[in-house]
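S.K.: Sequence:
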Amino acid sequence: MIVFDLAAVALGLLAAGYLLVALIAPEKF
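Residue -13 is where the sequence shown starts when you use the numbering used here, and the numbers rise one by one after that.
Hints listed in this document are in silico derivations from the structure and should not be mistaken for laboratory results.
The beta carbon of each residue, even a glycine, is placed where N, CA and C say it ideally should be.
It is possible that some hints are incorrect.
Label pairs and their in silico Cβ distance ranges [unchecked claim]:
#1 Ile(-12) <-> Glu13: 38 to 44 Å
#2 Glu13 <-> Met(-13): 36 to 42 Å
#3 Pro12 <-> Leu(-8): 29 to 35 Å
#4 Glu13 <-> Ala(-7): 30 to 36 Å
#5 Met(-13) <-> Val7: 27 to 33 Å
#6 Ile10 <-> Phe(-10): 27 to 33 Å
#7 Met(-13) <-> Ala8: 26 to 32 Å
#8 Ile(-12) <-> Ala8: 26 to 32 Å
#9 Asp(-9) <-> Ala11: 26 to 32 Å
#10 Leu9 <-> Val(-11): 29 to 35 Å
Construct all of the structure, not just a fragment, from the sequences and the given hints.
M.R.: Structure, rendered in C-alpha cells:
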C-alpha cells in the first residue's frame, strides 16, 4: 500500500536525521 510505503520512508528519514544530528552535535542531547 502506497500510504504504508510513504510512512515507512518518512520514519526512515526521521531516524536518519536524528542519527545525523546525534553524530554531529551530541552536546545537544
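S.K.: None of the hints should be skipped; say for each whether it holds.
M.R.: Structure-based check of each hint:
1. Ile(-12) <-> Glu13: 38 to 44 Å: 39 Å, holds
2. Glu13 <-> Met(-13): 36 to 42 Å: Because 40 Å falls inside the window, the suggested range holds.
3. Pro12 <-> Leu(-8): 29 to 35 Å: 30 Å, holds
4. Glu13 <-> Ala(-7): 30 to 36 Å: Between Glu13 and Ala(-7), where Cβ atoms are some 31 Å apart, the hint holds.
5. Met(-13) <-> Val7: 27 to 33 Å: The hinted range 27 to 33 Å holds for Met(-13) and Val7, with Cβ atoms some 30 Å apart.
6. Ile10 <-> Phe(-10): 27 to 33 Å: For Ile10 and Phe(-10) the Cβ distance comes to about 31 Å; the hint holds.
7. Met(-13) <-> Ala8: 26 to 32 Å: Between Met(-13) and Ala8, where Cβ atoms are some 31 Å apart, the hint holds.
8. Ile(-12) <-> Ala8: 26 to 32 Å: Given range 26 to 32 Å: holds, Cβ gap about 30 Å.
9. Asp(-9) <-> Ala11: 26 to 32 Å: With Cβ atoms ~31 Å apart, the hint holds.
10. Leu9 <-> Val(-11): 29 to 35 Å: The hinted range 29 to 35 Å holds for Leu9 and Val(-11), with Cβ atoms some 31 Å apart.
In summary, this structure violates none of the numbered hints.
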